[in-house]
Amino acid sequence: MTVAHDSPPPSPRADLFTAAGFLAFGVAVIVVSAQMPTFTDQGTPAYVAPGIVPGFHGTVISLLALVLAVRSVLRGAFRPMPGSGGSARRSLLRIALACVLAIVFSGFMVGRLPFWLAAAIFVFVFILAFEWRPGMASGVLARDAGIAAAIGLGTGWGITLLFEHVFLIRMP
Amino acid sequence: MLDNLSMLGGQLADQANLTTLFNVLWATFAGIVVGSLPGLTATLGVALMTSLTFSMEPNQAIQVLICVYVGAIYGGSRSAILLNIPGTPASAASTLDGFPLARQGLAGRAMGISTTGSWLGTLTGTLVMASLAPFLANFALSFGSYELFWVAVFGIVISGTLAGGDPLKGYMVGFLGLFISTIGQDSQHAYPRFAFGNPDLAGGIGLLPALVGAFGLAEVLTAMGRPPVHGVVTKVGSVLPRPADVARYWRTILRSGLIGTFTGTLPGLGEETAAFAAYAAARRASREREKFGQGSIEGLIAAETGESACVPGAMIPVLTLAVPGSAPAAVLMAAMFIHGLNPGPMLLVTTPEYLYRVVAMLMIADMAKLFYGFFLVRPLLLILRVPRERLMPVIVLLCTIGAYATTARVFNIWVMLVFGVLGMVLRRMKFPMAPMILGMVLGELLDKNLLRGLTIANGSILPFFTRPICIVLACLSFGSVIFSVPAVSIRLRRLVRPGARRRAASLG
Chain C
1 MTVAHDSPPP
11 SPRADLFTAA
21 GFLAFGVAVI
31 VVSAQMPTFT
41 DQGTPAYVAP
51 GIVPGFHGTV
61 ISLLALVLAV
71 RSVLRGAFRP
81 MPGSGGSARR
91 SLLRIALACV
101 LAIVFSGFMV
111 GRLPFWLAAA
121 IFVFVFILAF
131 EWRPGMASGV
141 LARDAGIAAA
151 IGLGTGWGIT
161 LLFEHVFLIR
171 MP
Chain L
1001 MLDNLSMLGG
1011 QLADQANLTT
1021 LFNVLWATFA
1031 GIVVGSLPGL
1041 TATLGVALMT
1051 SLTFSMEPNQ
1061 AIQVLICVYV
1071 GAIYGGSRSA
1081 ILLNIPGTPA
1091 SAASTLDGFP
1101 LARQGLAGRA
1111 MGISTTGSWL
1121 GTLTGTLVMA
1131 SLAPFLANFA
1141 LSFGSYELFW
1151 VAVFGIVISG
1161 TLAGGDPLKG
1171 YMVGFLGLFI
1181 STIGQDSQHA
1191 YPRFAFGNPD
1201 LAGGIGLLPA
1211 LVGAFGLAEV
1221 LTAMGRPPVH
1231 GVVTKVGSVL
1241 PRPADVARYW
1251 RTILRSGLIG
1261 TFTGTLPGLG
1271 EETAAFAAYA
1281 AARRASRERE
1291 KFGQGSIEGL
1301 IAAETGESAC
1311 VPGAMIPVLT
1321 LAVPGSAPAA
1331 VLMAAMFIHG
1341 LNPGPMLLVT
1351 TPEYLYRVVA
1361 MLMIADMAKL
1371 FYGFFLVRPL
1381 LLILRVPRER
1391 LMPVIVLLCT
1401 IGAYATTARV
1411 FNIWVMLVFG
1421 VLGMVLRRMK
1431 FPMAPMILGM
1441 VLGELLDKNL
1451 LRGLTIANGS
1461 ILPFFTRPIC
1471 IVLACLSFGS
1481 VIFSVPAVSI
1491 RLRRLVRPGA
1501 RRRAASLG
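Protein sequences, first through last, are from chains C and L. If you're matching positions, the first sequence starts at 1 in this note's numbering and goes up one per residue. If you're matching positions, the second sequence starts at 1001 in this note's numbering and goes up one per residue.
So here's chain C without its partners, still in its complex pose (with noise of 0.2 Å):
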């Protein structure tokens, strides 16, 4: 329903990194839903124990990834690879990028400054940050700049408003 597109589907080393993964992700549930108290000296059986659904669930997801990793050494996880192309990169990097100042917005700056004022400065280092090109004109830099700055107060203003006074939300 939902897998992308127009991205070229992963390679084995890849898929065998990501069955790793689940993997270790799945064996810690076990071990975690073992330690789980069981309450059986309260008289409740055991297979009401609050570990006992988490850990199945747990279990199927590190055999499921067992399967992932031998379909991918099966497929060629360990033979050489091609190395990433220059776009790839250039992909790896943008996603990185917005990542990381969704991140520093809304995990550091919402609750520490007013909302209006950290969504500002979210748009406008966003705008600007892809928009910016190497070798750019300072006159060109300058326009976006000040449109990156006008869109930024106008969303951060206007959201505010609407979500405060007509959606009555209380904002962070």
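Calculated from the structure, these hints are not laboratory results. Small disclaimer: the values here were computed from a predicted structure and weren't measured. All C-beta atoms in this analysis are idealised placements derived from N, C-alpha and C, irrespective of residue type, glycine included. Just so you know, not all the hints are guaranteed correct.
[To be verified] DEER-style ranges, computed between Cβ atoms:
| # | chain 1 | residue 1 | chain 2 | residue 2 | range |
| --- | --- | --- | --- | --- | --- |
| 1 | L | Lys1291 | C | Arg143 | 57 to 63 Å |
| 2 | C | Pro45 | L | Cys1475 | 24 to 30 Å |
| 3 | L | Ala1457 | C | Gly76 | 44 to 50 Å |
| 4 | L | Phe1483 | C | Leu97 | 41 to 47 Å |
| 5 | L | Gln1185 | C | Ala34 | 33 to 39 Å |
| 6 | L | Val1410 | C | Leu97 | 49 to 55 Å |
| 7 | L | Arg1385 | C | Arg143 | 29 to 35 Å |
| 8 | C | Gly76 | L | Ala1247 | 53 to 59 Å |
[To be verified] Listing some non-contacts, in silico: residues in chain L with all C-beta distances to chain C over 12 Å:
| # | residue |
| --- | --- |
| 9 | Asp1186 |
| 10 | Pro1352 |
| 11 | Cys1470 |
Fit chain L to the given chain C structure using the hints.
Using the frame of chain C, we list chain L on its own:
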């Protein structure tokens, strides 16, 4: 029958007021805009709006959410036709013939036919829902803990198998979703599972912030990694549909409507699968098969009818079993719980008129969609030209408010961030998101009914495998897992094909 019609009439009359009209108009518009913007999905639209309509009167809030859902699924076709990029995954099938038509200078005709197909699709699905849901609800009343456990298992399995891509990865994220639903206090002993002393984690992971992260922030991050979009078709022409097109393809419309509705009823499949299933069926049955993919009116109308019929289809299991048919329907179901309605078999016992209220809401949303389909073409072209770099930070703001709004907890903003980053990584590794969401929704159903069933049967698992409905659901679940193993399905096909060839030879 007359009782049902009078209940529907009563609900339509009840909804006929200025407040509803105002809410329907802005919500459908918002849905179409969300759907038409590549990177924003119907699930995100419904999830965000659930947070924002939290303080509204329940009926108005559900009407708004249905309008956003209906509008967003339809809105995706605008960018599919004009940009060759589906606005939502549901509109992927519409690009196959919609964009070739636009390139031939027939963008207006394509948009007109997609509007008509979408309108008729939702109408067909709504009528099927009004006729079938009461019978299904009666049937669902016979379900006990054992059956409901298998309904949850079947939902995860079928969603993992058919949600698109690799079934193995579908099962993995399905079980990840089931695991996430176990975080927090358990229902038997109130023991805080996986909380590690953190009171926020002991309260559990909220579905809405997780959804806003997995479908909102993850989409923004993924979209920012893609190259810029160029080539909006700007010449549209008349969008009024030709009655001849509708009359000529009425069989395709009816077939696609029924396929879309049926696909919608299967847990977790959703509108994208419905559109492709309807498109494939239309192609097989068409006399103009060679035109498919080159700008076929029939192909476009099939895809649009199928995806839009799926919306009411996905609501059928929500209302009768409390099992969502699609990811946006999962959010809608969560919103119903938030507003104090309890979807499921008992809903139609305690408030039988509520089914017809939802039917009336769908019909009203469908009419608003038709209105905008004919009058909102040019403003949408302007919205589609907004650069992604300027639009996406605004979506991040909305995601942050959406995650925070329902409970006013900063913890939920962190949940949104974690699910956003996790969703982006899983998406890049081709893990479908629908099974995870379904897992989170069905986790409680599975956990509660498994423990309840074991308690009733004194620890015995036999009733889970001996009751008739359980046997059917268990066979379907195991069957679809086994059939999804490539080696098994290839062997089965080899076994079936010689038989088919022999039968064909004996016939003639």
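Quick one: which hint numbers does this structure break? Sort them smallest to largest. Hints 1, 5, 6, 7, 9 not satisfied by this model.
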